[in-house]
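Colleague: Sequence:
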Amino acid sequence: MIYFIQAGENGPIKIGKSDDPERRLAQLQTAHYEELKILWVEYETPGPIKDEERHLHLSYEDDNIRGEWFKPENILRDLPGHQNMISVDIWEDGIKKTKDVIFRYGYDAVVRDREKLKPFGD
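In the numbering used here, the protein residues as written are 173 to 294.
For the record, the hints were derived by calculation from the structure and aren't laboratory data. Keep in mind the model is a prediction, meaning the values are calculated, not measured. One or more hints might be untrue.
As the list claims (entries may be wrong) - In silico DSS-like pairs for lysine-lysine, Cα to Cα no more than 30 Å straight-line:
no., residue 1, residue 2
1, K189, K222
2, K269, K222
3, K222, K243
4, K209, K268
5, K209, K222
6, K209, K189
7, K209, K243
8, K189, K269
As the list claims (entries may be wrong) - Across the chosen pairs, the derived CB separations fall in these ranges:
no., residue 1, residue 2, range
9, G219, E240, 14 to 20 Å
10, G266, A198, 41 to 47 Å
11, D234, K209, 20 to 26 Å
12, E206, L230, 34 to 40 Å
13, G219, E181, 30 to 36 Å
14, E240, I267, 36 to 42 Å
15, P220, G180, 30 to 36 Å
16, E194, E245, 24 to 30 Å
17, K222, G266, 33 to 39 Å
18, T202, K243, 22 to 28 Å
Even glycine gets a Cβ: it sits at the ideal position worked out from N, Cα and C.
Construct the complete structure from the given sequences, taking the supplied hints into account.
Modeller: What follows is the structure in structure tokens.
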């Protein structure tokens, strides 16, 4: 899974991968002075998880602070539920399905199955 963890209310965001984002949050929290929170988890990715993580890091390389930590503005803008996402209805095998189209910073749109992409904790 790909996770987005933010430090504080307006702090940097870490983009990483883990089989257990909650455990990873706890590990990071022990070494961080601000409260960390999980903003988003991508439970499934369109390709290998390592490639998706690398793609995300490259997508936001202009916002990179250090390592896997990024300035939050563009990431927050691009997370589902923000202005850079639209939902479209398509028909597959006679069944209407809703897909979310996410416009990522500096990259082409990414289409996700709505049922596979949801905020952490839902």
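Colleague: Decide, hint by hint, whether the structure agrees.
Modeller: Comparing the hints with the structure gives:
Between K189 and K222, the direct Cα distance comes to roughly 8 Å. Compliance with the 30 Å bound is thereby established for this hinted pair. With a C-alpha separation of about 28 Å, the suggested pairing of K269 with K222 holds against the 30 Å cut-off. The suggested pairing of K222 with K243 holds, with an alpha-carbon distance near 21 Å, which does not exceed 30 Å. Straight-line distance between C-alpha atoms of K209 and K268 comes to about 35 Å, which puts the hinted pair past the 30 Å bound.
Under the criterion of a C-alpha separation no larger than 30 Å, the hint pairing K209 with K222 is consistent with the structure, at around 22 Å. In summary, the hint linking K209 to K189 is supported, as the alpha carbons are separated by about 15 Å, within the 30 Å threshold. Restraint check for K209 and K243: satisfied, since their Cα atoms lie roughly 15 Å apart, inside the 30 Å limit. Restraint check: the Cα-Cα separation between K189 and K269 comes to about 28 Å, which is no more than 30 Å; the hinted pair holds.
Under the hint 14 to 20 Å, the C-beta atoms of G219 and E240, about 19 Å apart, fit the expected range. Checking the proposed 41 to 47 Å range against G266 and A198 shows it holds: the Cβ atoms sit about 45 Å from each other. At about 24 Å, the CB distance of D234 to K209 agrees with the hint of 20 to 26 Å. Between E206 and L230 the beta carbon distance is about 26 Å. The supplied range of 34 to 40 Å is therefore violated.
A hinted range of 30 to 36 Å holds for the C-beta pair G219 and E181, which are about 33 Å apart. Checking the proposed 36 to 42 Å range against E240 and I267 shows it holds: the Cβ atoms sit about 38 Å from each other. The given range of 30 to 36 Å is respected by P220 and G180, whose C-beta atoms sit roughly 32 Å from each other. Checked against the hint of 24 to 30 Å, the C-beta distance between E194 and E245 comes to roughly 26 Å, which is consistent with it.
A beta carbon spacing of about 36 Å between K222 and G266 agrees with the range 33 to 39 Å that was offered as a hint. In this structure, T202 and K243 meet the distance hint of 22 to 28 Å, their C-beta atoms being roughly 24 Å apart.
Going through the hint list in order, the structure does not satisfy hints 4, 12.
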